[in-house]
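Peer 1: In terms of the working numbering, the sequence shown opens at residue 175 and continues consecutively.
Calculated from the structure, these hints are not laboratory results.
Model, not experiment: these values are computed from the prediction.
Backbone N, C-alpha and C fix where the C-beta goes; we use that ideal spot for every residue, glycine too.
Mixed in with the good hints there might be a few duds.
[What the hints assert, rightly or not] Cut-off 20 Å, straight-line C-alpha distance, at most; resulting in silico cross-link-like pairs (DMTMM-like, lysine to aspartate or glutamate):
hint	residue 1	residue 2
1	Lys430	Glu496
2	Lys327	Asp354
3	Lys439	Asp471
4	Lys209	Glu290
5	Lys430	Glu401
6	Lys365	Asp353
7	Lys439	Glu409
8	Lys449	Asp345
9	Lys402	Asp420
10	Lys460	Asp479
11	Lys291	Asp345
12	Lys460	Asp493
13	Lys449	Asp471
14	Lys365	Glu401
15	Lys490	Asp471
16	Lys449	Glu496
17	Lys266	Glu290
18	Lys291	Asp354
19	Lys327	Asp455
20	Lys327	Glu290
21	Lys439	Asp420
22	Lys460	Glu401
[What the hints assert, rightly or not] Now the in silico label distances, taken between C-beta atoms and shown as ranges:
hint	residue 1	residue 2	range
23	Lys266	Asn467	52 to 62 Å
24	Tyr295	Asn489	46 to 56 Å
25	Thr202	Pro352	24 to 34 Å
26	Lys209	Gly417	32 to 42 Å
27	Gly416	Pro352	39 to 49 Å
28	Met487	Tyr295	47 to 57 Å
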Amino acid sequence: MLRGIFFAVTIITVLLTSWIARAATLTTTAAKDGKVLVTLNGEITEGDADALKTIIQTANNGGHLVAIVRLNSPGGSILEGVKLADLVRFGKISTSVIGTSICASACFIVFAAGSEKYVNYSASVGVHGASDESGEETTASGAATITVARIAKVLGVPSSIIGKMVVTPPDQMVWLSPDDLRSMSVTMTGKPAQLPSEPSLTSQLPSQLRPQEKSMASKDAPPPSWEKLLDRAIELSTQQHGGNPDIQRGCQPELKACINALSFKMPDGTDMIMKVTEDMDGRMQKRELCSFNTQGDIRLCLNWDTGGKHRDMQNKNGDWYEIDDH
175 MLRGIFFAVT IITVLLTSWI ARAATLTTTA AKDGKVLVTL NGEITEGDAD ALKTIIQTAN
235 NGGHLVAIVR LNSPGGSILE GVKLADLVRF GKISTSVIGT SICASACFIV FAAGSEKYVN
295 YSASVGVHGA SDESGEETTA SGAATITVAR IAKVLGVPSS IIGKMVVTPP DQMVWLSPDD
355 LRSMSVTMTG KPAQLPSEPS LTSQLPSQLR PQEKSMASKD APPPSWEKLL DRAIELSTQQ
415 HGGNPDIQRG CQPELKACIN ALSFKMPDGT DMIMKVTEDM DGRMQKRELC SFNTQGDIRL
475 CLNWDTGGKH RDMQNKNGDW YEIDDH
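Work out the full structure: start from the sequences and follow the hints.
Peer 2: This is the structure in structure tokens:
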């Protein structure tokens, strides 16, 4: 139950609260049917949940119900976002992101708690991992990301979206597509764009996920971003692993590093991983895209940021060692 999870994560999430001088602005509008509409604008900070609670109590005392919370926020305090989500879920309140509004990071948890959810085609909804109060990835922020992912699961967020949240660093953002949003029972409003903003990755992915190719894209088209490839890889992994993307994390004390890896298969059966190596403070060291040989004991890896390549070999204990550079 969300309320129980909230109390369980307080110690972790309080470490990740972004202390900003001013809380979000919450305003109310009375609808023709007597119901109350609430609009939340700005960073989510301490006190916002109390403000919403007061609005709900005032409306109820006057014989009215808060029907919907309109969200326009880039995120903010995870702890406060969970508190807001708790109120929205308990009150069976709908959530919406209208016009060209943005709802990202901590705001997404509030949005996901809506009894009914609405997003305009021109709006943006985004997810990523948690950071500490200085914006860095740390051991505590990694634990908080996993906890928030569990809360998202309780709220009915699909595993494919949770996967994007878990593997996306806090200094980056994955913007959810209309299909992503529909998968969590969101009603899309407004008019969709008739042309995509960039070529579809569905047909490009097989060739562009092969480190053996000399170029990651043709000269006439820019290569896809890491985030775009990650989106597609998560979709494949989710389809191939019973609805849950295959995401693993392991640490190597001897290297003072930890690795987050997403495993999936290409349409031709080639085993692939996308992996992010972090130092002990959670700072990203490198991003790699690797393909495996048929036996699964040799892999060829492309360093996404430098373009360098290397081959790794697995020993009988299952440990990987770099054997040469390309």
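Peer 1: What hint numbers does the structure not satisfy?
Peer 2: 5, 11, 14, 19, 27
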